[in-house]
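S.K.: Dock chain B against chain A, hints included.
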Amino acid sequence: MDILQVYKCVKCSKETFPQKLICNNCGSIDFIMINSEHAIVEETSIIRHMLGSKDWKPRKIGSVRTNKGVLLTVGLSDEVVSGDKIILFQKDGAILGRKE
Amino acid sequence: MRPAIIAIGQSVYTRHPDENQNTRTLMRDAIISAIKDSGLKLSDIDGLAITSFSIAPDSAIDIAWRLGLSLKWLLQDSNGGSSAMNMLGHASRAIETNAASNIIIVAGDATGLSGYAKIANSYNTATRDHLSPIGHGGPNGVYALVTSRQMKKYNIDKIDYGRMAVAQRKWASLNPHAVYKHELTIEEYIDAPMVADPLARYDCVPVVAGSYALIISSEDNCPIDRKPVFIKSFMQSFNFDNQEGDGTNTGISSFANKMWEETKMSPDDIDVLSIYDDYPAMVIAQLNDLKMIPNEDVKSFLNNEIMLKNKPINTWGGMLSAGQPGGPAGGLNGIGEVVQQLQGRAGKRQVRNAKYGIVTGYGMTLYRYGGTAAAAILEVE
Numbered sequence: 008m009d010i011l012q013v014y015k016c017v018k019c020s021k022e023t024f025p026q027k028l029i030c031n032n033c034g035s036i037d038f039i040m041i042n043s044e045h046a047i048v049e050e051t052s053i054i055r056h057m058l059g060s061k062d063w064k065p066r067k068i069g070s071v072r073t074n075k076g077v078l079l080t081v082g083l084s085d086e087v088v089s090g091d092k093i094i095l096f097q098k099d100g101a102i103l104g105r106k107e
Numbered sequence: 036m037r038p039a040i041i042a043i044g045q046s047v048y049t050r051h052p053d054e055n056q057n058t059r060t061l062m063r064d065a066i067i068s069a070i071k072d073s074g075l076k077l078s079d080i081d082g083l084a085i086t087s088f089s090i091a092p093d094s095a096i097d098i099a100w101r102l103g104l105s106l107k108w109l110l111q112d113s114n115g116g117s118s119a120m121n122m123l124g125h126a127s128r129a130i131e132t133n134a135a136s137n138i139i140i141v142a143g144d145a146t147g148l149s150g151y152a153k154i155a156n157s158y159n160t161a162t163r164d165h166l167s168p169i170g171h172g173g174p175n176g177v178y179a180l181v182t183s184r185q186m187k188k189y190n191i192d193k194i195d196y197g198r199m200a201v202a203q204r205k206w207a208s209l210n211p212h213a214v215y216k217h218e219l220t221i222e223e224y225i226d227a228p229m230v231a232d233p234l235a236r237y238d239c240v241p242v243v244a245g246s247y248a249l250i251i252s253s254e255d256n257c258p259i260d261r262k263p264v265f266i267k268s269f270m271q272s273f274n275f276d277n278q279e280g281d282g283t284n285t286g287i288s289s290f291a292n293k294m295w296e297e298t299k300m301s302p303d304d305i306d307v308l309s310i311y312d313d314y315p316a317m318v319i320a321q322l323n324d325l326k327m328i329p330n331e332d333v334k335s336f337l338n339n340e341i342m343l344k345n346k347p348i349n350t351w352g353g354m355l356s357a358g359q360p361g362g363p364a365g366g367l368n369g370i371g372e373v374v375q376q377l378q379g380r381a382g383k384r385q386v387r388n389a390k391y392g393i394v395t396g397y398g399m400t401l402y403r404y405g406g407t408a409a410a411a412i413l414e415v416e
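From first to last, the protein sequence lines stand for chains A and B.
For the first sequence, the residue numbers in this note's numbering are 8 to 107.
For the second sequence, the residue numbers in this note's numbering are 36 to 416.
Calculated from the structure, these hints are not laboratory results.
Built from N, CA and C at the ideal position, the CB exists for glycine as well.
One should not assume that every hint holds.
What the hints assert, rightly or not - Below, in silico cross-link-like pairs of lysine-lysine (DSBU-like), each with a Cα-Cα straight-line distance of 30 Å or less:
hint : chain 1 : residue 1 : chain 2 : residue 2
1    : A       : Lys92     : B       : Lys188
2    : B       : Lys193    : A       : Lys64
3    : A       : Lys61     : B       : Lys216
4    : B       : Lys346    : B       : Lys188
5    : B       : Lys193    : A       : Lys106
6    : B       : Lys193    : A       : Lys92
7    : B       : Lys187    : A       : Lys64
8    : A       : Lys15     : A       : Lys27
9    : A       : Lys21     : A       : Lys92
10   : B       : Lys390    : B       : Lys76
11   : B       : Lys153    : A       : Lys98
What the hints assert, rightly or not - Cβ pair distances, simulated, as ranges:
hint : chain 1 : residue 1 : chain 2 : residue 2 : range
12   : A       : Lys98     : B       : Asp79     : 50 to 60 Å
13   : B       : Asn388    : A       : Glu86     : 53 to 63 Å
14   : A       : Lys64     : B       : Ile221    : 26 to 36 Å
15   : A       : Lys18     : B       : Glu131    : 40 to 50 Å
16   : A       : Ile10     : B       : Ser335    : 43 to 53 Å
17   : B       : Arg37     : A       : Lys61     : 47 to 57 Å
18   : B       : Arg37     : A       : Pro25     : 42 to 52 Å
19   : B       : Lys107    : A       : Ser35     : 40 to 50 Å
20   : A       : Lys75     : B       : Lys153    : 26 to 36 Å
21   : A       : Asp62     : B       : Thr160    : 20 to 30 Å
22   : A       : Pro25     : B       : Arg50     : 29 to 39 Å
Just chain A, same shape as in the assembly (with noise of 0.2 Å):
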């Protein structure tokens, strides 16, 4: 598991994701990669059908907010509700929260 990492603006300190090419607030195009581990769920929901997958298993995903306002969307695990706060991962690629 690594720490998931988000792009903070160098010159302006605003953070976004995925990476941009030009900073929509100041115009920069300077970047550095942080750590972002904190955020809280807003909404979620369960993947029960998978188009063109048969043996597709159930999963949670849903949309947080992490302490900088960066919004992203995530896995997450089965006991998260909408208004926990998570620690956000990534685990081969995928970016994911499990329960404070």
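M.R.: Same frame as chain A, but now just chain B:
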């Protein structure tokens, strides 16, 4: 020349294409149908606009070649649910500036379910790299989250969205091309299996194989049995909020006031509407952005205006009932429906004395919701 939409054409829409039906043959069928409807000859066509998720590795020029079309204007569009509108705008300006005289706009797909799934999982780099790895379920997962936000924002219950699904199915029962024509009850809607909470089966468009075509030309080329349909206003928006909003508004919100001011019209003047319906929540979002929902009272609008068919919205049944061939063709079908309504050619679906219609496009899910939106007011004189 003053541009006008003069003819429409459609292939079959089918959930299960046979071995002779593919994107190219369905596009051919829609084009032949539109040519027949226009009274023109294939050789009169000197412009082609095309959109599809499933013609690669071919491009628009390959399709022109296979159709035997020699052209002086050609466009291939890749704006998903807004492609139809984008092509309409470009084609209209091409007629206006004499870049072409008779343009066919065609959209079609025959991806099949597995093909559509591949497209959905690699729709763009953000989807491929960040959404597919979590198993987001394609657009269903994205719009499930948007729908949840909309439900909270406007105090909407699941059953309220069902009013739209039921009403559009009633319209679809009058559309011979719709893939689902049987009546849908609110009980069936509620009992349907969940796909991506809160979206259930009837909130998600059925993927079909099919194609749709329009012909835009000068008003002088319009057959005498109908009125030419003019574009009174046309506006678009791309990436209006950098994906930093909540998705319950679309880019239409950035130009709707200007559209009403410039046309000196109001939402009450509109007789018939085709609102791009990839999901019920996005129909609501676009209607709201267009100021069509008084006081943003979404719940009342769904239960009264839509359920009771006081507002003729998606009178072809929309993609929710008639089917979505890939996305782009659904947008074109909505435009063609309003054209038929304004020309008095909508058969059993005909809205009485329809003079003004509004059509929209919405799509290209970037990460959290769609990034493209468009609207046009169409009219007959």
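S.K.: Would the pair B:Lys153 and A:Lys98 pass a check requiring their Cα atoms to be no farther apart than 30 Å?
M.R.: Roughly 22 Å separates the two Cα atoms, so the pair holds.
S.K.: When you take the CB atoms of B:Arg37 and A:Lys61, is the distance between them in 47 to 57 Å?
M.R.: Holds, since B:Arg37 and A:Lys61 (Cβ atoms, about 54 Å apart) stay within the stated range.
S.K.: Hint check: B:Lys193 vs A:Lys92, CA-CA at most 30 Å. Holds or violated?
M.R.: holds, 27 Å
S.K.: Could you check the hint for me, namely that A:Lys98 and B:Asp79 are 50 to 60 Å apart, CB to CB?
M.R.: holds, 59 Å
S.K.: Starting from B:Lys390, check that the Cα of B:Lys76 is at most 30 Å away, please.
M.R.: holds, 29 Å
S.K.: For A:Lys92 and B:Lys188, compute the direct alpha-carbon distance and say whether it is at most 30 Å.
M.R.: holds, 21 Å
S.K.: For the pair supplied as a hint, B:Lys193 and A:Lys106, confirm whether the alpha-carbon distance does not exceed 30 Å.
M.R.: Holds. B:Lys193 to A:Lys106 sits at ~28 Å (cutoff 30 Å).
S.K.: Quick one, are B:Lys193 and A:Lys64 close enough, alpha carbons at most 30 Å?
M.R.: holds, 24 Å
S.K.: Between A:Lys64 and B:Ile221, does the C-beta distance stay in 26 to 36 Å?
M.R.: Given about 31 Å between the Cβ atoms, the range holds.
S.K.: Does 43 to 53 Å hold as the CB distance between A:Ile10 and B:Ser335, or does it fail?
M.R.: At 47 Å between Cβs, range holds.
S.K.: Using the Cβ atoms, figure out if A:Lys75 sits within 26 to 36 Å of B:Lys153.
M.R.: holds, 35 Å
S.K.: Okay, A:Pro25 versus B:Arg50 on CB: inside 29 to 39 Å?
M.R.: holds, 35 Å
Going down the numbered hints, you'll see the structure goes against none, and every one checks out.
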